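Enquirer: Using the sequences provided together with the hints, build the complete structure.
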Amino acid sequence: MSQARSSLPRTIAAHAALLTYTAIALFPVFVIVINAFKSRRAIFTEPLALPDAESFDLVGFQTVLKQGDFLLYFQNSLVVTVVSLFCVLLFGAMAAFALSEYRFRGNMMMGLYLALGIMIPIRLGTVAILQMMVASGLVNTLTALILVYTAQGLPLAVFILSEFMRGISDDLKNAGRIDGLSEYRIFFTLVLPLVRPAMATVAVFSMIPIWNDLWFPLILAPAEETKTVTLGAQVFIGQFVTNWNAVLAALSLAILPVLVLYLLFSRQLIRGITSGAVK
Amino acid sequence: MGSLRLSRITKSFGATDVIKGVDLEVRDGEFCVFVGPSGCGKSTLLRIIAGLEDATSGDILIDEARVNDTPPSKREIAMVFQSYALYPHLTVRDNMGLGLKQAGEAKEAISARVTEASRMLSLDALLERRPAELSGGQRQRVAIGRAIVRTPKLFLFDEPLSNLDAALRVATRIEIARLHRELKATMIYVTHDQVEAMTLADRIVVLNGGRVEQVGAPMELYDNPANVFVAGFIGSPQMNFLKAAPLGLQGETVGVRPEHLEISREAGEIAGTVSHVEHLGGETNIYVRTEPHGLLTVRRFGSAAYGVDEAVFLTPDPTRRFFFDAAGLRIRA
Ligand SMILES: Nc1ncnc2c1ncn2[C@@H]1O[C@H](COP(=O)(O)OP(=O)(O)O)[C@@H](O)[C@H]1O
Ligand SMILES: [Mg+2]
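For the record, the sequence lines run as chains F and C.
So for the first sequence, numbering that gives the first Met the number 0 puts the first residue at 0; every next one is plus one.
So for the second sequence, numbering that gives the first Met the number 0 puts the first residue at 0; every next one is plus one.
Hints may be right or wrong, so weigh each one.
[Unchecked claim] Capping the alpha-carbon separation at 27 Å, the derived lysine-lysine pairs in DSSO-like fashion look like this: (1) C/Lys152 x C/Lys73; (2) C/Lys73 x C/Lys183; (3) C/Lys106 x C/Lys73; (4) C/Lys183 x C/Lys100; (5) C/Lys106 x C/Lys152; (6) C/Lys183 x C/Lys152; (7) C/Lys73 x C/Lys100; (8) F/Lys172 x C/Lys106; (9) F/Lys172 x C/Lys73; (10) C/Lys152 x C/Lys100; (11) C/Lys152 x F/Lys172; (12) C/Lys100 x F/Lys172.
Just so you know, these hints were derived from the structure itself, not from any lab.
The structure displayed is predicted, hence computed values, not measured ones.
Expert: This is the structure in structure tokens:
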């Protein structure tokens, strides 16, 4: 930023606003994590206190790791999230490439149709989806979840990626065609690397709703061997008693993979978000 | 080895006709320049020749073989783009070799041809770099090298100098002219800049609104334009167009180039006042407001001391006038 446009008071004001927002956003996470390490009594008597020698207790984590098959739940969540993300990015990018690169009858209509899903929540179709899954024998499989999440993520992916792909120079693709590259090679080696920042943006925005979803695992795959973490954590929330230690520990653990994936994507993500503004 | 024939080429994007029937022949070894204002369809025509765009109708023949249905990589052409279009993930060496690699050439043959091309363009020191580490001029040289390596029948250039600064543009222009002499290859070069067209071409094709206005050698177009458009487009500063009737001459308009207008303080055919003077060192452009011809340009070699608002008289050189009819076509005496 140029010297002329940045002044100390402005910088302070901007940082104050950002820090306030950060504090508000991180506070619930902070409370969950500190309480996960405390004994049940300490959680209720002093919910905002940091764990000390007296209140420190790992009983929540012990319960989580003993009861149920949490490792399996984690694995299910990871499989569903990673495979769905992969499908969303791959098929979304392919559809976006076709829509932005080729002139064909109904191109516009196709684009609008694919973008429609951004506005219509997929949960409205739950009953029909359940009927389809029952008919095709996919109930209680991870495949069912992966299919639904792929469908859920595609509209936004196609919308964002096709906008980005329209911005890629025709000359580069044409140079590839003259050198005899196939359309697939052009897509994978020339176009995809250039839309990486946009892909990261799409990945982060698609990943979090998938990881956090409770609705579809509950309806489509509630069996013990296909439970996801969010569904698995529900066993500790009873109608009359709730094992708060275990719930908080499970939630703390569930944050970790998202954090790891976010860190993987974040550099590209920031480029993706700022590229429109700065270019 | 490398002639091109276009016959009745048309191209429409939906309802808009961009190319409206182009017939053209480019001989083997010729340097042919397509020139015309922005948006007249030059790039579209070049892409049709390359096979990157299908013609709506008409035939494209390379070496007398119809190539309408041949994909770009099989037409034995190479193209250089305005935006360089180098592969960002490959080194200069791999950028130049990719086309041959795709065609299944042996490694040694590829590396020999890359070495040869990089020698011609003095790219040796850059071979292991990536495009991001090169300047604009170097990138364009690599793009030209990539074209040479393919030893194509036709070289296609789409405004290759437009992204370069003025000094590099002249240097690269000279480089391209030298390559044409050394390779004796057929080259088709698109530009909107009539100076590039005049300096490089064996033959110029003037395009306007998707039609060919005139085809000819540079001096032929300059000395003998077929219509008002070509007369106005070729030559800088632009030709003056005078109304014929007040001068008692034939046709609708009379074209006189700025260097063929005599200026004097005492007497002449057309009275006017000086409205602006540009001193370029070697020459001086004097803009004179006249009734009823509007603003006319006079080009004087050396310096000329005329002041703004000074009353002057202009006289066209009677041997260097061009007459045009109401439709803009040339009336030949
Ligand atoms: N893919 C396209 N779709 C629709 N119109 C196009 C397309 N490509 C070019 N055109 C139109 O064709 C005309 C000629 O374009 P072009 O050949 O690029 O002109 P130029 O002579 O400047 O290179 C322009 O008016 C442009 O708007
Ligand atoms: Mg163009």
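Enquirer: Against this structure, judge whether each hint is valid.
Expert: Do the hints match the structure? See the list:
Of the supplied pair hints, the one linking lysine 152 of chain C and lysine 73 of chain C holds, its CA atoms being roughly 11 Å apart against a limit of 27 Å. Straight-line distance between C-alpha atoms of lysine 73 of chain C and lysine 183 of chain C comes to about 21 Å, which keeps the hinted pair within the 27 Å bound. Restraint check for lysine 106 of chain C and lysine 73 of chain C: satisfied, since their Cα atoms lie roughly 20 Å apart, inside the 27 Å limit. A C-alpha spacing of about 25 Å is found between lysine 183 of chain C and lysine 100 of chain C, which places the hinted pair at or below 27 Å, so the restraint holds.
Straight-line distance between C-alpha atoms of lysine 106 of chain C and lysine 152 of chain C comes to about 22 Å, which keeps the hinted pair within the 27 Å bound. With a CA separation close to 10 Å, the supplied pair lysine 183 of chain C and lysine 152 of chain C stays within the 27 Å bound. The hinted pair formed by lysine 73 of chain C and lysine 100 of chain C meets the criterion: a straight-line CA distance of about 14 Å does not exceed 27 Å. Restraint check for lysine 172 of chain F and lysine 106 of chain C: satisfied, since their Cα atoms lie roughly 24 Å apart, inside the 27 Å limit.
Taking the CA atoms of lysine 172 of chain F and lysine 73 of chain C, the gap is about 16 Å. The hint holds against a cut of 27 Å. About 18 Å separates the Cα atoms of lysine 152 of chain C and lysine 100 of chain C, which keeps this hinted pair within 27 Å; it holds. For the proposed pair lysine 152 of chain C and lysine 172 of chain F, the alpha carbon gap of about 21 Å is at most 27 Å, so the pair holds. Between lysine 100 of chain C and lysine 172 of chain F, the direct Cα distance comes to roughly 17 Å. Compliance with the 27 Å bound is thereby established for this hinted pair.
The structure is consistent with each of the numbered hints, conforming to all of them.
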